[in-house]
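Need the complex rebuilt from these two chains, each delivered in its own frame; the hints are there to steer you.
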Amino acid sequence: MMQSGGSPEGGQQEVVIDRHGRHSLWPQGRALPAGWTRAGFAGSRAACLDHIGQVWRDQRPLAPTEAGHDPR
Amino acid sequence: MTRADRPTEADTLISLADVRAETPTGFPLTPSQRRVWALAQIGNAALAGQPAVELSFDGPLDTATLRAALDRLAAAHPALRLRFRQYAGGRVMQSLDAAAVLPLGIVDLSDLDCVEADAEFARLLAGDAQFDLETDLPARALLTRNGMRWRFALSVHPIVCDAAALRTLAGDLMAFYAAVEAGTPAHAPADALPWLEPRGSEDAALAYWRTVLAQEHADAALPSVFRREARAGGARRDVSLVLSLAEADAARASADACGVPLSRALLAAFTILLSRYGGHDHLKLGAALDPRGEAAGVLGRNEDVLPVKVQLASGLTFRDAVARVSDALEAARAHHVAFETLAQEFWENNEENGSGFLPSVHVHRPAPPEPVTTPRGVTMACRERPQARPDADLVLTTQEAADGTLAATFTFAADLLDARLCARALGHFRRILAAAADPDILLRDIQIVAPEDLAALSAPYADDTPADPRPVHALIAAHARAEPGTPAIFHGDAVWTRGEVERFANRLAHHLIASGAGPERCVAVALRRSPEAIGAILAVLKAGAAFIPVEPDHPARRNDHILADAGVALVLTTSALRGKIQPAADTLVIELDRIDLSGLPDTDPACPIGDRQLAYVIYTSGSTGAPKGVAVEHGPLSRHCQATARVYGMDETSRELPFLPFSSDGGHERWMVPLMLGGSIVLPDKPLWTPEETFAAMRRHGVNNASFPTTYVQQLAEWADATGDAPPVRLYSFGGEGMAQATFDLFSRALKAEWLINGYGPTETIMTPMVWKVRAGTSFEGMYAPIGRAVGGRRIYVLDRDLNPAPVGVTGELYIGGDGVARGYVGRSAATAERFVPDPFDPDGGRLYASGDLARWREDGAVEFVGRVDHQVKLRGFRIEPGEIEAALRTLPGVSECAVLLRHDTGQPALVGYVVAGWGTAGDRARTDGAELRRALARMLPEHMVPSAVVVLDRFPLNANSKLDRAALPAPALAPLDIVPPATPLETALCAIWREVLGLPAVGVRQNFFEVGGNSMAALRVLGRIKQARPDAVVAIADLFNHQTIRALAAAIESGAGAGGGQMIHLRSTGTRPMLYCFPGLLVSTREYVKLVDHLGPDQPATGFICYSLAEDKSREVSVTEITARYADLVRTHSKGQPCFFLGWSWGGLLAYEAARMLGEDIDLKLIGMIDVCDMDTDFAIGAIPRFGPGERDELELRVRAWAARTPMAARWQELLEAMDPLAYDQFLRFVGNSPEGLPDDGPDIGSREHTFWVLIDNALIFRRHRMLPHDAPIQPWAAADSLNRGLNLIDWRQLSRRAAPAEIIEGTTHLHIIGAPAFHARFARRLDEAMGPLTRAAE
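Chains as they are written, first to last, in the working numbering: chain L, 2 to 73; chain S, 1034 to 2373.
If we strip away everything but chain S, and leave its shape as in the complex, we get (with noise of 0.2 Å):
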């Protein structure tokens, strides 16, 4: 199959005469221009560039001056007299034209007005700028005049130069215009063109980068913002700044100081700075140069992408790390690759990330030439026209300005970078080159957040009410003086007064004091939530002494814990309580209700307080080793919960329902804030309430603020949802872990709250010193519900190793300090000082709580919490993020909460996926099922980052504090594999045949073929099994794939309801859009498209082919047309009309055309996809000569035939040698003796070396005889960077269809594996979605 030059309908068979049979001549292109060539065949030609070079004239202008030097540069660079030939199989050969003259376009725009003329001269440059490389020189001159102005442009094709190029090309213009006009006689033409010259090996270069690239280390990047379906748009943005002639100048000494250039000093901040964002040393970066030097440079593209891997490390110096970045990039030049050659030899399926080989690079521009006036009063200047690299996630460009000036632009992909975090990195990069005008300073003392930004997002919730210096007990009782007859807790049918309250806690204080208890003393409350407890609480403040809450019914192992490590001496419990406790012998136990109180007074002991005084003493919940007291004191306590209060707005008309329990701090704030203003709590009664009866207790009390534990707010919104029925709450507050998205825009959803607030608090930093308050409705993206800024006197840190501030949206740990932190751990000061460490923002001395929490700040301010800093676990070399894995579980449906952990106790280690069933009905739950799940998420993430199980729980184990209890998570039955034996003859025969063509011990009737390891060449040997087993039984292949399972496929074949020969697979048979037909290329069954079929979502019904290697019923003497036309007439049969969709990857594509063609009105077809469909390499096309050495071709010819007389195959390889042309015959043995392997003779099997190959040959003899004619079908084109770097021949189908668009490029994939690329698989659904778009109106 050739291009379609001079097609006609008769003649869809060629002959040999038709095509150019010349032996190729001249230099073949670069690989960087091989880019070029093929960007410019899928329609891409602006992605290369468009470069031109452009020039003012002043003055005089003598047109027959600019044609003389014109002929002069040409003269002077023989690359712009370069001409392209394209031979048949897509080989592209270029060759010095000796006598071409540059083309000078002369127009007169002289009846325009000025902005008409400039609006002309770029629409004709615009057009000066599309090439036909066959026909055209790869340069042209435009000069236009409107009145004196005139305007000069050279547009150079990309494939002969770079913007080192378009700079001497300038220089050299103006020097030679005024040249000509001084009579200066012209040098010798140059026909020179090294950089065309074939290169030696490069196997030692590769062999130095293989050995680089194996050491670790990460792509510098800036962080993405969205994931998966990120480069659905493809678009570019771009920011840029201007460094003043006093900045600029501070870099040049700066790089002068380091003794390098200014480019590398610009280069070596974009990696410090690419190093702070992605929190890696060891990066990989690029940077766009000429490898050879410009000095050595005769013109031409010879800018390249050079990998630039280097070590930083923060205690480096801004000069060390000029260094390093300059020997790496030294290094990169002595072992210089084409980038197109590493990126592929360095290629790795990396679907996730979907970046290409070298995602950041640098570029620099000096400044363009200077003007220049000739004697006779002409002055020629140099216009910008800069132009960024387009090939990279992230292109810094730095370009100096000849005032001294210089830009620096960030151009990236839209979809993939935030376009403000891009702003704001350029800044930073500003800053970094500010800090080094000392060039001795440490990478880690370059602040790049500005001081100003960092008090901005480290700012508390503004409130400037100064703090009463009361303690919290304090402020309590003098609510309770003013009016004691007010309600302050209810408590099942029980109403405690606050003049109950304070009397209860006076009188029992008394006790307590008398019994010892007194300032820095722990009194252990060991009570069930109640009245009582609340009462016993104050007390215990009241006699100065601090409280340690012991939950009676927790593990009694956790409470003599801490009892003992906290030195308790003072407990108070009652009788019925008294037996669950053990403390020390020493220990004075009170029991409440043994004690008589009415003795004692019931006014306050009115004991000072001091501000740093102990008021509490709350253990961790221990995840790691044992539990640990963290002592709270009473000041920072009381402002805490005073601005509490203020943040959550309350007053005394507040009616809390608090839900937390007492062994968390949080549950004392949630009922000392509302008693400290004068307002009321309602007091569940039970540990646990229903929905039901929380709802019932809201309403009965009038409930007006509610706080609950994370975990119990998803059956609370789940029970509203379904009735329908949430009281009305001015403010829902909730926190112990992070809320995911689907849970709060349920809750927010569900119940009828004003505000939500979600609260965030190591113990360490006093119950809640974060929390994120937003109105109902609010939405957020990410993957848990932000957690907002500090709450009264403290300051939220984002920090990285060095305790540097984060940039916004950049991972780091969470610090919390200020007025608001614990005074340590009880009796471990080695931990305190660890997890407590010096402030460094704090001017008056500090501390900063280390949480061990990963967060990033939002462009907001807020912070949103990321993971445990010791939550990342490593599994087989890859460093894996549970919370990456526990998104994408929650993104499943059915799918309430979920955990992942890597655990131990599988026999080797594993990851296993936890999941609570989501909400629903009964049945829903019952029908969540985690292989299932499993299932899902293989096509989700990467292989090593999914679960090996995935275990489906009612509820997940809590912890003391409500928090998921991950060391009780149960480690996964190994679930023996289900197999269900056969129940008919027939299955026990299937049975059978499975067993043996996968070598599977055992297999059951209701497992998946394509699960339990079958593909399509296993298919394939179970269908001749068959047919062997039952001569009778009608059965084809496409039934293998309908039906997966032996179960169902015997009930086909028992029913003679099989395909019986047809060729339709169902790859998704229910939905309401058009039907997606999807045609195989070669080798391809339909299970390659089942990623993208999921994607494409359950409303979208998809069916594949067969593809004709597969068919049972194939003969030799077969054409395109004919194998097409078995697929059109399915399509015409099966789509009745309605709209429909093709897709055709690889040689499919050309099917899928031709189905098209053929089809013509019969379908309304509104999209051909075309994935990666490439035409006929030179391997085999029609018309591409092979060359052998001498003898080569008759050394070949005998090792083929004495092959192919004893291959097992030898009967079929007769049939094809036979049918090949004499043409076709020097191409076959070219061809294998190209191919390494040598020939193979492992046939006949399906799936042995010698049948694929036989296929790709036989295939190759079918559709070289091929020939498309034009066809005007809807045709979007995608294209794998890796084909483009390898220059694929790419078919350009807007040469077929004037409805053809250019292709999209999908980076970071391959002709392979493009169809599982996430990134193609929204791209793809967008197109299908916009060529959709009539229908959807037509249907309103």
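Chain L on its own, in the form it takes in the complex (with noise of 0.2 Å):
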């Protein structure tokens, strides 16, 4: 059965980061698209998305310029 979202085959998947520095996954060994730089982490799905869930706290993009400020 097909899994959302690609990565057949539970194949070794590394850390992708884009310019605004959202993360997301990438099969490893695949040309990286394009605006895409490496994070340096690889490993299973599940233990790159557990580094994900660690080193990505704040989803807001990372130029303030693009988002409100935040008064707090």
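These aren't lab readings, by the way, just hints derived from the structure by calculation.
Because the structure is a prediction, the values reported are computed rather than measured.
Note that CB positions come from ideal geometry on N, CA and C, so glycine has one too.
If you anchor each label on the Cβ, the simulated ranges turn out as follows:
hint	chain 1	residue 1	chain 2	residue 2	range
1	S	Ala1237	L	Ala35	51 to 59 Å
2	L	Leu33	S	Ala1346	20 to 28 Å
3	S	Val1275	L	Gln29	34 to 42 Å
4	S	Ala1618	L	Gly44	34 to 42 Å
5	L	Leu33	S	Asp1684	39 to 47 Å
6	L	Gln29	S	Arg1366	32 to 40 Å
Structure below.
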């Protein structure tokens, strides 16, 4: 059965980041899509997601000009 | 019974002297030859191909030289000199005729012009292709002359040749012509026919295939377009392309690099193509070639279709794939078993699919031989006569041309595969070959969908209007400033103008800012749908904060989760709703009715809003796991709403009725968009309106746009359909669930709209990222209404597991990217990372949202929803898509909405169907019966797909977002069996008999005999018991078929209305079409015809007959004529001269034919359908002399005598044995000797092996004496593909009737299963319609 979100056969994944600081997964060994860079972490899908859960704490855009400023 | 050789009216019984009683000599047919023979027998010779070698001669052709060359050709190839002979029982033998001379017909066409001469040549050639193998040699030559132009063709019967043979013949003939001309002496004639030599045991090879084919695999195939009715036509089409010399050379180079011949690389590319199109890695397909290799070749019918079972993986290189395919092919050659044998051995009753053993086949043809020029200046060239094998659903033929180019042709079943899809797939085959120029390319890196095609498929609705940079609330405010007095919101009797909404929102915004609201902070809006709620949301946005809608009436658990999960610090609600909300202690709750805003400024606070600032958080319905908050930013939201407005064609005159709840994002789209354009909305003042209230409000306020949940559309359309009272509306939109075709059609018809929009959108991609906008009245194929294309700056992709685009028509997962994707899940970065993946198609770097929905692109680029990735279930090893069962349910009368679940709370896992009764009167709805629906499904679906129960509900449970709440569907009540106790002594007695015969603990008088385990054998036993218990009762076997419950049977017996010895069974007694009389085969009752009769529909009446072996008053000394006479009398009386149809299956076909002949002009017979009707085979045919080993006959006779003396049916066997003539007795001994099971002695009960055996032998003795006489009845025969593979002795009806058509072949079925095969049903129905044609016209 197909798993939603690509990545067949439970192969190795790696953590990737775009220029807005957004994290995601990409199958290891495949050419990176434009605009994404390697975060330096690879492993099983679950391990990568765990890693992302730990390091990506704030999903708000990186640049303050892009988002509104939080007055808190 | 034998073929009608020289029949005379007086001679219906036949003596032994009449038939060939010779001992067959020579070689038996190979399995492949048997099939060719059988095809010719049933009028389908062309299906085996009409091979011919065509040569052109330029220069001074000498006919004597040609004649001598032909003689050398025949001498060199003994296959051309084979003679065929058919013996009694259908056995065919072939032997070499050493002295045979190939016929050469020379025709001078010089008085015709060129075109006429060519036409005449074609006509002559077509005539040459018609062989009568019992008299003709299997090859003949034709030479025509038209002035100086010579044309030559050697036609060869496919029973002795294949494609390689034709190439050999062409090359040899040219060489022999040159040799004769040069005076070179001839070689000695060859006479070896190794390909006909009996082959050793195939047990080892079959064991190999049993192991290999037991592994999981799928038949490699292109997706078929139509279902069920698919094979009605049987037509074939083809598409071709030619690879240029450069392309072909690249493919050759790639094959070289992989170390294989070109044909292997092409087979690998084909396998890769089918893997992509089918979504499977473990595949089985066919390769047609000579399993022994052409080098070994002595010319003959050597080509066979070999199964290639291969496992690919997207991480393999092309080189790896070629190696795997090549290994699989070598393994297939090493374990070669004739295709026909494999097809029998591995036949499965796959009715749904209806395909053969290998639905996809590749054939490679090398280039034809080079032209030859002789010293005397005769130039000979081979003219291409390419022929594709027609014996698979899809055949890829790759043909090399002399100039080095390569033609690739798909030949396919036109009713099964879409021609556009095939043409596109062929283009993708070319792209795979091009990519394979680098043999180390990974399969997943092969882009089969061209970038330009992907750009077109993924594109949104055309829209080049630049986006307004302002956020939603600012656009709404601008209209308020421009014309504050214009009405904006109608709510009950209240009307809010733009200015009123704006001032309310501004004041509240100031209050919120003062209360701490600001950017990236969430304010929960816990208000019922109202103008205040809209004002409150606008206020939150104006304050720079993000809103979270909280539905006060939703379960507290959900709302608590939302407030806590999003860390909400501010809640807007009212004092009345306050009690429903339980925020954390430090949350500030603002009750709108308890604050005084009058002192606050009514001017806009004018907070700056960033493009990526948070606008709202909406929680998913949480069908799996806890609801997740989806965070959406201002820029994408505003651009989405602006683009949506343009697709909807809205402006300031728009007045929309938004019916979707505020808990879903779609509900907010439908008020934001009209207000952003300066239009207005009519807000329902209750959570739910009746259709009447809805229409009344729409009429009162002049609504021109209306948006509804799909689940509500149904009732609205039904009401409109019933009352004919829908207000005219410009546009309806709906969404939230897949809309079934029937609902869409009703909706389209009953509601008077110009435009319909089916919206689709996960919350994660902002409101409604995709819509299908069509004019009312548009129709579509498929389960659900298409979900169309993207809106705004988005792109839509249907991708496979490797994120490669799926070709049009191929199911993949739907991905949505571009501008219009949410930020992510609040506080769940891992979940965000998992579902929002890098967009490999966006050069600027972007994300795609993985929807979890299965979809496919249609031809027009619109996307079709197929199902949920995670709804696919596995039950007892079968992979099941519940959507397919739902689609079948929807076709049943009375079903409006439906769902199918795999439940685990039912003891063992079971599929359960749920149905909401459809439109129609209350009475119609009450009649919708789950058990009846389940029975109907059982007739439509393979057994593993039939739900264990179908539950009828008044309405479906809906979740917070008006979507079907699958988790809330009730487990089926294990309904106690409907056991109605007997009311009369007769009913009591019948109940006891049923219980005993069927072995049931209890039966009710309203249960159906055949549904509680009864069959024809059990019916006979019941009848026997009834006669024992009530010797005076007038009851016959037909009564048990006609009255299938105890109550009905008892009533028939009591009233004396029983058939009382009658033979007729009413399969369907109503309907206006001509009656269909179904003649029974051996041991066939009539239950076998139920599925067919169902398929033919309520207007087709049908009657069956009790088969003779079940008749109570049968006698030994009876002829087929006498048996038939009973049926003929019944038909004569019953049909009263009205038009009728006959159907005969198996031996029933003989009865149907004989009845038609006897009745002649007494009836108006429109058609006889002959279903796999075979002649007596060698076992019992008169004239088929059995052979015994030394002493074998005596040993068998002793066995039979000993058995016949002690077996329970001894007396009846004695009677039968005595009735046998010496030949029949010998045949019986031989039959016993051949039967692996041994002699049965479990009689005399009906259904015992012994009784069945006795019936078989008894029938054989009756039927073998029968001889058919010509009668020009209208006959359409059908043959099961398996019967052809077995080379069964199918009757050639064209020998008996000049009105008989060639048989149609039903793939994927057998003699026993053809009667239940949907493909057969579809064709039978079509032929009946055609036969009725003149009737229909006469009635007009």
